[in-house]
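K.L.:
Here are the chains, one letter per residue:
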Amino acid sequence: MRLGKRTKERIMMNIFRALLIIVVAVYMLPFFWMISTSLKPDRDLFLMPPKWFPIPPEWSNYKQAIEYFPFLRYFINSVIITAGSVLGTLLVSPLVAYGFSKIYWPGRDVFFYIMLSTMMLPFAVTMIPTFIIFKKLGLVNTFWPLIIPSFFGVPIHIFLIRQFFNTIPDDFIDAARVDGATELQIYWKVMLPLSKPILLLVGLFQFIASWNNYLGPLIYLTDEEKYPLALGLPLFLTRYGTHWNWMMAASTLSIIPIVVFFFFAQSYLIEGIKLSGLKE
Amino acid sequence: MTRMQRKNFRKGFLFILPWLVGFAIFTVYPIVASFYFSFTEYHVTKPPVWVGLENYRKLFKDVLFTKSLANTLYYAAGLVPIGLVVGLFLALLLVQPLKEIVLYRGVIYFPSIVPAYAFATVGIWFFHPYLGFVNYILSFFGIDGPMWLSDEKWAKFTIILLAQWGAGGTALIYMAAIKDIPKELYEAAILDGATRWQMFRKITLPLISPATLYYLVTATLAALQIFDLPQIMTGGGPANSTLSYVMYLYRHAFSYVNMGYASAMAWILFLISAFFTFLIFKTSRRWVFYYGSKR
Amino acid sequence: MRKLVILLVLISVFTLLLAEKVEIVFWHNMSNPVDKKSIEESVQKFNETHPNIHVKVVLVPGSETEITKLMTAVAAGTGPDVYYLDRFTVAQRAYQGVLECIEDYLVQLGVDVEALKQKFFKFAIEEATYNGKLYALPWDTDVRVLYYNKKLFREAGLDPDKPPVTIEELDEYAEKLTKMKGNRIEQLGFIPWFGQGWHYTWGWAFGGKFYDPKTQKLVFAEDPKIIESFKWQKKYADKYGMKNIGAFASAYSGANLNPFLAGKLAMVVDGNWFLAQIRTFAPKDFEYGIAPIPYPPYGEANSTWAGGWSLVIPKGAKHPKEAAEFILYMATEGQIKYAIDTAHLPTYKAGVPELIKKDPMQKHFAELLPTAHCRPVIPVGALLWDKLTEARDYILYGQKTVEQALKDAEEEVQKELDKALGK
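Protein chains in written order, with my numbering: chain A, 5 to 284; chain B, 542 to 836; chain C, 523 to 945.
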């Protein structure tokens, strides 16, 4: 018996579905573990083998978690720092990427490789000189060292956006140029609208990098009132016994904004650039 | 330069100017400084003392330098290709037109946002030789699973596997790239009777090659600088089998405060990184394809 | 009118006082709520009793050797006035020029330094000294002991009130307390290197010596007792297999994995702070005992070693003299309060009776303090630690012989030590 095309397609889809469910189960584990640990009583933390389902759940861990350090204060600081650096990234990185992609100018590739090479030195050896620059600018113990760099373009994001800009047809831009549009107009009216998904992705990556950044705030901030959440979470780790349950509760609360951001951004990610009609 | 070129130069230069200004203010000095420090003995609190090539000479006699470098190359050799396959595989699954696909998409990215500590603990249980999930599954197939993190021969590989929980980022990039491919190309291919595999080879793969170039370069650089995962999972053990280059560098920079030595290490890593990046770009002319780009 | 004058005078006096007030910044990382509160209360009391000084406390996240923030700040001249430093690294940091010499400032304050030193335990003062001068005042300390699970002792037919005293007994008990299923371990009696069973722990229990301060030479690779202590550890690795043990109790574990708390490991050497963890995290019916670290016939009875923290003045502090005054207060009165509040062992002798009054269990630990060892006071202490740990790994995994591993480590560290000592 020969299967019809439709049936074949349906079987294929179900195979994909099964694969996805397995994959999703594996990828859920860290998240599940975090929530599960956050609901365990103290005395269940070290069981071997571990308990995967905390029954009954110990909700009071969440109370402990937000009282361990000024959770709300740190949360607000995280929001300010992250919002600033995401804004800077989205304003500037695509702009620079455009200069590296759709305008063909002598020396462009040299600058591009110089930019890539700045990602090749480990932070550990450039950290102290960078710190001294910010000190000379009088910006130590402010949020600025954590935000300003993004307003000058982030190399890794510039690179990613450049790759996507490069796939937009030249014909399209040349047509706009012939019509007398300035480069800035082309950038704003043609490139950006066509690149929404990748810009959102870059925004998401920067959001997470900034939200979870530990080393930056650690060296630049010297007032507890200015700490972000990433500096609050390690406070649970003490040599005299770490309350993993409280720490995981705080972690769970701290990633809620990222989850929200992700689901918001996702509806854009699904569709992709609707270029099909444009490219003949 | 022709008039056209000069005009383009002005335009292009203006666009990259923000980055160039930031580079001049925040990046040039630290890079130059670390290069200078690599030829000095520098304990941070006292002024650096010029020692010429001494740090570099010492490095080549340092057993842990060689070991951590070898470990790091192993990491890179595993992380880059495996990460590519996993990321692309996830992306291909996640662009399938299933009703509930939105749910799956969110989940794939979850491990990337979970704080490293949560990630590490579940990793330890997942690969626990006796009580862990992986060996439990393997036992169904009659395989006596390895000791993973506690075996110095398997530890690095375990870390490479664990890192795949972070493949969500690559998957998202590939998804965006796949979604950009004009549907007409597939429709035409289907009319010509192409199989799924043929379409993947002839359409998808070439058209996502710009994203692949990005992935290869950034993943290689990231792998060469791997730090967090081995630091949290093993601290470099057992018997230094998971000690990465940057972990060792960090130890010199801050624990022993030999900033000069650490800087020399950093510059060797810089050269290695530059070499691999050069290789990737050099070959990319043959396999990267910018659809619709004339030049 | 007169009232107004008085008010004006008062205001100006007050302003003057305020203007003269010196602010010193104190960075510490005791994030445990109980510890943190005790510190804050002491600081508050100091601020009240010293109207010319105001101490600002900043809690800095990070663990023992995490001094990235300090080094960066000191390099840029934005460091604090007082810092909380792992005591065994004092000599090293002083050599690297990270610390101000606190003794100079104590002398300026008119403190009788010799008399002050007598009030602390000897090992703690030793660790705080570099080139014959104090670079820190000691803060709390810790000791290592043997913890054992009484329930598992009973199950194995052992007397739960008779913990092992000698290495021979320890080996014998460990054997009885181990349950195998095939070649898999179900329950393990003892792992020498787990918890706080470091190279130093066993080296000293076996009566060995790591460093000779007179000749300024490392001597562990030639010490037969230290060689023996590693050979003894290796026997465990051979007997059960390193991989099996590693699976059971990874020597490195940043996670919530502790086979002793889970009742799968019968005996463990750990620090006095572990007591608090047992009380919080072990199952309700968990029965445990505490005993001195076992030793061989030629070894040292009741041997232990002490670590702990200290208070230092980093280079470039704006107000080193006031910082010294604050440190003096904290190390003495502050420490007594800290011992009572937190049950951490004090290095300030007057704190001990107060601590025991509060928590009688602490007697086990406090009694060990007068004879406790401390790690060699040398400018390359962190390197020595790392190299000894590395040597132990090489030995246990069979990559090097005991003699070879120790010799390699000794040569490498000695070279750096000679350089640091200007030889």
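In case anyone wonders, no lab produced these hints; they're calculated from the structure.
Treat the hints loosely; a few may be bogus.
[Unchecked claim] Covered stretches of chain B, going by a simulated chain C footprint (3 or more residues, C-beta under 8 angstroms): (1) 668–677; (2) 757–764; (3) 789–798.
[Unchecked claim] Example chain C residues on the side facing chain B (calculated, C-beta under 8 angstroms, incomplete): (4) G619; (5) V620; (6) Q709.
Note that CB positions come from ideal geometry on N, CA and C, so glycine has one too.
K.L.:
The structure should be examined with respect to each hint, and the outcome stated for every one.
P.N.:
Here is how each hint holds up against the structure:
Coverage of the segment 668–677 of chain B by chain C holds [criterion: at least 3 residues with CB-CB distance below 8 angstroms; count 3]. Only residues whose beta carbon comes within less than 8 angstroms of a beta carbon in chain C count, and the segment 757–764 of chain B has 0; fewer than three means the coverage is violated. A stretch counts as covered by a chain when three or more of its residues have a beta carbon under 8 angstroms from one of that chain; for the segment 789–798 of chain B and chain C the count is 5, and the coverage holds. A cut of 8 angstroms between beta carbons decides the hint on G619 (chain C): the least distance to chain B is about 4 angstroms, and the hint holds.
The restraint placing V620 (chain C) at the interface with chain B holds, with a minimum CB-CB distance near 5 angstroms, inside the 8 angstroms limit. Below 8 angstroms, beta-carbon pairs count as interface contacts, and Q709 (chain C) has none with chain B, the closest being about 12 angstroms; its hint is therefore violated.
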